[in-house]
Structure formats: structure tokens, C-alpha cells
Amino acid sequence: MTRPRKLARWFVALVVLHCVVAGAGFFAPYDPDEQDRERPYLPPMRIHVMDAQHRLHLRPFFYPLRLREGSFDQYEQDTTSAVPLHFFIRGAAYRLLGFVPSRLHVFGASGARICLLGSDAYGRDQLSRILYGGQVSLLAGLLGAGITLFLGALIGMAAGYYGGWRDELLMRAAELFLALPWLYLLFALRAFLPLAVSPLEAFLLIVVVIGMVGWARPARLVRGVVLSVKERDFVRAARGFGASDLYLLRRHILPETASVLLTQAAILVPQFVLAEMTLSFLGLGVPEPMSSWGNLLASLQQYSVLVSYWWMYLPALAIVPFFLGYLGLASALQERTGAYKIDENSSWSPT
Amino acid sequence: MRYFLRRTLHALFLLFGVSLLTFLFSALTPGSYFDEMRLNPQISRETVAALRAQFQLDRPLPIRYAHWLNAVAHGKLGFSFAYNSPVGPLLWVRARNTLLLTVTATLSAWLLALPLGVWSASRFGRAPDRILSWATATLLVVPDLVLALGLLILAVRTGWFPTGGLVSFGFETMSPLYKIRDLASHMALPVTALVLATLPMLVRHVRASVAEVLQAPFLRAAAGHGIPQGKLLYGYALRAAANPLISLFGFSVGTLLSGSLLVEVILSWPGLGPLLIEAILARDLYVVIGGVLLSMVFLVGGNLFADVLLYWADPRIRTAASAK
Numbered sequence: 001m002t003r004p005r006k007l008a009r010w011f012v013a014l015v016v017l018h019c020v021v022a023g024a025g026f027f028a029p030y031d032p033d034e035q036d037r038e039r040p041y042l043p044p045m046r047i048h049v050m051d052a053q054h055r056l057h058l059r060p061f062f063y064p065l066r067l068r069e070g071s072f073d074q075y076e077q078d079t080t081s082a083v084p085l086h087f088f089i090r091g092a093a094y095r096l097l098g099f100v101p102s103r104l105h106v107f108g109a110s111g112a113r114i115c116l117l118g119s120d121a122y123g124r125d126q127l128s129r130i131l132y133g134g135q136v137s138l139l140a141g142l143l144g145a146g147i148t149l150f151l152g153a154l155i156g157m158a159a160g161y162y163g164g165w166r167d168e169l170l171m172r173a174a175e176l177f178l179a180l181p182w183l184y185l186l187f188a189l190r191a192f193l194p195l196a197v198s199p200l201e202a203f204l205l206i207v208v209v210i211g212m213v214g215w216a217r218p219a220r221l222v223r224g225v226v227l228s229v230k231e232r233d234f235v236r237a238a239r240g241f242g243a244s245d246l247y248l249l250r251r252h253i254l255p256e257t258a259s260v261l262l263t264q265a266a267i268l269v270p271q272f273v274l275a276e277m278t279l280s281f282l283g284l285g286v287p288e289p290m291s292s293w294g295n296l297l298a299s300l301q302q303y304s305v306l307v308s309y310w311w312m313y314l315p316a317l318a319i320v321p322f323f324l325g326y327l328g329l330a331s332a333l334q335e336r337t338g339a340y341k342i343d344e345n346s347s348w349s350p351t
Numbered sequence: 352m353r354y355f356l357r358r359t360l361h362a363l364f365l366l367f368g369v370s371l372l373t374f375l376f377s378a379l380t381p382g383s384y385f386d387e388m389r390l391n392p393q394i395s396r397e398t399v400a401a402l403r404a405q406f407q408l409d410r411p412l413p414i415r416y417a418h419w420l421n422a423v424a425h426g427k428l429g430f431s432f433a434y435n436s437p438v439g440p441l442l443w444v445r446a447r448n449t450l451l452l453t454v455t456a457t458l459s460a461w462l463l464a465l466p467l468g469v470w471s472a473s474r475f476g477r478a479p480d481r482i483l484s485w486a487t488a489t490l491l492v493v494p495d496l497v498l499a500l501g502l503l504i505l506a507v508r509t510g511w512f513p514t515g516g517l518v519s520f521g522f523e524t525m526s527p528l529y530k531i532r533d534l535a536s537h538m539a540l541p542v543t544a545l546v547l548a549t550l551p552m553l554v555r556h557v558r559a560s561v562a563e564v565l566q567a568p569f570l571r572a573a574a575g576h577g578i579p580q581g582k583l584l585y586g587y588a589l590r591a592a593a594n595p596l597i598s599l600f601g602f603s604v605g606t607l608l609s610g611s612l613l614v615e616v617i618l619s620w621p622g623l624g625p626l627l628i629e630a631i632l633a634r635d636l637y638v639v640i641g642g643v644l645l646s647m648v649f650l651v652g653g654n655l656f657a658d659v660l661l662y663w664a665d666p667r668i669r670t671a672a673s674a675k
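Which chain is which? The protein sequence lines are A and B, in order.
Under our numbering, the first residue of the first sequence carries the number 1, and numbering increases by one thereafter.
Under our numbering, the first residue of the second sequence carries the number 352, and numbering increases by one thereafter.
Next comes chain A alone, as it looks inside the complex:
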């Protein structure tokens, strides 16, 4: 496959994945906060086309679950009443992308709840929570990467363009940030920020913390590009015509760094989504009742959940297709712009 097509393929796959998460309201059958305390920890339900009497149904259906007698968390299928699955059904109200009010869901059922991926301790539908949680996690990753790239481009351009002691100082600082194991750095930053905050504040806090951790690598890469570009003829010509520093940086140098920044973005976004997951998993990130991929996994820290309710692990797998997509995109971009050597990864490349 040719390179542009490879790039386009990964890009389209990622756009589709993001659209599914962005349109969580439509793809999720229920509101993520809707509880069903009568039935906690429902296991994932099966969709059937063949019923208990071996009759084929045209419309897929499921059997609602009922508590097994004498048990508080063991369920069995109630094969007496098949509940048909409906597509494009009207259900809980939501706002698509936060604006468009709608009640339409891609699938659902009336009469009984369908939890394809099971439900949690409060009987909240896991599939809906994973989809809505993805919005939080992905947004944190995207915004964090945005901040990082902004900082990285700014610092890299300043260091590369002005040179001298500024370059020396900034690059020493970059070395420091690159040398620290990133998770320790993330924790250290988080440690020094307030703990008890509202979900929205916590989210913004996380985004800022994540965004401040990774600026060093893009800054070094951008600096390298700037160093070579600023000696090119068109830049020197523009300077000769009396262009200001700011104009040169914005108009001639910034566009040249675009491919480096794009590649870095493809590498950073999944890392930062994972960073959000890690922080929230450990209780340092987005708190309940807001769901994120990280805090959906937090219940796995209880032994009883680990032993009895394996489906609580399913949110962890949600990130895997995104990782795959971004990895493919990053390698396609790298192939296009000429591969970077691994030396760029080594924090301490021997000189």
C-alpha cells in the first residue's frame, strides 16, 4: 500500500473511533448516571436470535436477568420473557456534543434494561459509562497534547531562534524534564496540587498537569528544525527585507515545524490518555460520579470485585483500539517525514 493511502487509512479509522466516543449519547443506550440499585453487578447480557424453544426470531432479543434465589449478586436468565431489541429507539434525553438535544439511541429495549457489557455496583450500564468516560479521557489527552505542543513549540522556537544563553538554559531544563521518569514527574506535579476538588476542576487540573509534563521532547525536536530553517535562504531574504522576529517565526519558521509537531501529536495523545487513566485509576484524577476510563477501573482495586465481577475490567480494553490507531498514524507520519533515529528517545544520549 502506498504511503498516502496508509496515512489516510489510519486517519479515517481514528476519526471513526473518535466520532463514536463524541456521539456517546447516541451510541450509548442509557444515561451514564442512571442507576438500578435493585440489580447491581449485572453480568454482560447475551443477544439471541434463537429462543429456548429453538425458534428462530427475525428480531434479535435478550432475556432479562433476575436474581437467583437466595443470592444477592448471582443472576440467571429469565427465559419466560424475551425482550426484543429495538434499533433507533427513543430513550433517555441527552445533548449531542453538548448542544443538540435528542432522545434517539442506536439501540435499546423497552421493558427491561439491556447491559451488553454488564453493570457496576450501582447498576449503571457499563457500555454507556465507557462511551461517556471516553469523552473525558480523550478530551484530557487531546487538550494535554495541545498544551504540551504549544509549550514545546514556543520553547523550542525561542531556544533555536535566539540561541545563546537562552538556548543553553532552556535545553538544560529540557534535559532535566526528559531525564525524570515521566510517571514520577506526573505524580510529583500532582502531589503539589490540591486534592479535594470538584470533578470539573479536577479534570482541568489533570489536563494542565499532563500538559506540563511532556514539553521537553517536542521542544528539542522543534529547536532542531528551527536551527536548520533559520539559515535557509528564504528566511534570510525575509530578514533582509526587514521582517521582524515575530513575523519570521510565525510566517516562515512555524510552518516548517508542522510535520514534527504532527508526528509528536500522534505520539503524545495516546500517552496522555493513558496518563489520565493512570491518575484517575489511582484516585488522583477525575472523581466519581463523572466517569473516565481510569476511574471506571478503580473498583478493580477491591479484591471482591476482582474475584467475582470480571467484566469490570472491560473499560481497560477500550483504549486498545485508540492506541493501535495512534500508533499506526504516528508510524505512517514518521515514514512520510523520514524516520527519527532512536537516539531522540534516549534521554541521555552520550555525546
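Note that these hints are calculated values from the structure, not bench results.
Chain B regions said to be covered by chain A (calculated; three or more residues, Cβ under 8 Å):
1) 368-374
2) 499-508
3) 597-608
4) 611-620
5) 624-632
6) 643-656
Ideal Cβ positions, reconstructed from N, Cα and C, are used throughout, including at glycine.
Knowing the structure of chain A, use the given hints to seat chain B on it.
Then chain B, alone, in the frame of chain A:
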């Protein structure tokens, strides 16, 4: 000799920078360990103020930093509020466990990655190489958090491995052989998680650099001379490809430390990770700073070791160093 001196100085500079950085960040911290005491009506204001003075939280930052440096020089690394003891001994016990885990994981990962990578490179583009590439790509898209949790669930549901802790109850009474077996079975899960998390990256780099070297004329000549395949690959090609791999080794120490932090927390290994999380939640300032700094010491140690290896492996560096 001057080469090592320069690297060590560089390392010390990095450590100093990190300590200064963490201290500066800590100065921006809203709240402290004693905030909850202040809310307690049974504890008088004077007591809290006295405690703050005792831990010198009422002093300006530069003085606190100087005091802390003094404490570091005495091996105490400051004082933990929550444990009411010097941070140094507290950290060392945990650090030993972290080291045990990371050193084992590093060794196993490299011992697996080298033959796998070389084998893959020697069959570049053919079926075994492509299968291995797919395998590493699959592992690469599974983040360590997902991997560790998956292993934990597997262990809990099958009961193949003990989950959590360093040793079983009653470790003291076991015979030496059983002690080793017990420790190994407890280490199996975290080490597996760490190895699986770092292995794909290592294998890919080994494969890439060996494959590049295999194109070189001197290796074709060596093959033409009838030197056996095994000696060719491990004696000649790997030696020539070692340079970037040793740099990668230094880098992989940092990744492994980050990974180990997470794996320790998830799989309840009593290392630095769980201690650090508790300290963050309790606002136990000096434990956090000490933990970050200690991880940095490990990292710098790993990098210095990589430098020594590089010096040994690459004659160019030796001659450049002695020429100065």
C-alpha cells in the same frame, strides 16, 4: 578516567536540578499535612504552630532547602510527617524491593529481547520475522495499566500465582530453598507485567539495529569466509550493533521505573510506588520529594552503567576520551 568524571559530574548536576525543581514545586503547594489538624477543635492553634515550627514549615524556602540538603548529606532525606521518622530508612526498605523487581525485570527483558531481536533480524522479512513483528506490535498497543490489571485478574481467577506482597506469611520459618521459591512465585506476576511492557520496544530496536548492521560489507565478507551463522550473528553483528542498544538500555531504565511504579501499585508489591501514592494522598511532602529523587538516583545509576558499557564496547569513545 576523565570520561567517567565528566559523566558523574553531569549526573550530580541532574540530581541537584531535580531536587531544586521538586522543592520549587512543593513551595507552590496549597495546604500541608497539618491542615487537617487545624480543623480539629481538640488541637490548639499553638500546637499546630509548634509542629509547623518543629518541621520548619514556617521558614522561607531557601532555608528549608538548605536544611533539607543538610539532611540529605546525613542520609536522612528529611522527616516524614505521617510516619514520624526520618524519610531515609523508610525509603531504603521500599527502594530495595523496587530494585529487586526492576533489576530482575531489566535482566529478563534484555535476555529475552537480544536473542529474539537477532533471530528476527537474521530472518528479516520472512515468515518468522513477520510473525514476531505482529506479536510485538500487538503487545505495543496494550498499555502497561491494561496489561497489569489483566494479569491480576488472571492470577486471581486461576490462583496460579500469589497476588500481592513480597513473601508469604511465615516466611521466616521456611527452609532456604522454599524461601527462594516463595519469593520467586511472588515476583513472577510483577516481573512478567514489566517484561511484557518493555519487551516489544526492546525487540524492535534490537531487530532494527542488527538488521542494519547485517547489510554491512564486512559481514558479507565474514559470511563468505564461512564463519558459522551463530558466531556471525552474536560475535560480529551484535557487537557492531551494540552502540545504539546500550544508549537504549539507559533510556529503558527510566521507562521501567515508571512502569514499575504502576505495576507495584496494581499488584501490591511493597516498593516505592505504593509508598509514594500514600504520601501524595497524605501530603507527606518530604516522602514525595525523597521518592522522586531516589527514582532519579536509580535512573542516573542506570545511565552511568550504560556509559561504562559504552566505554567498554565502543573503541571510538575510548580513543576520543584518552585523546583529550
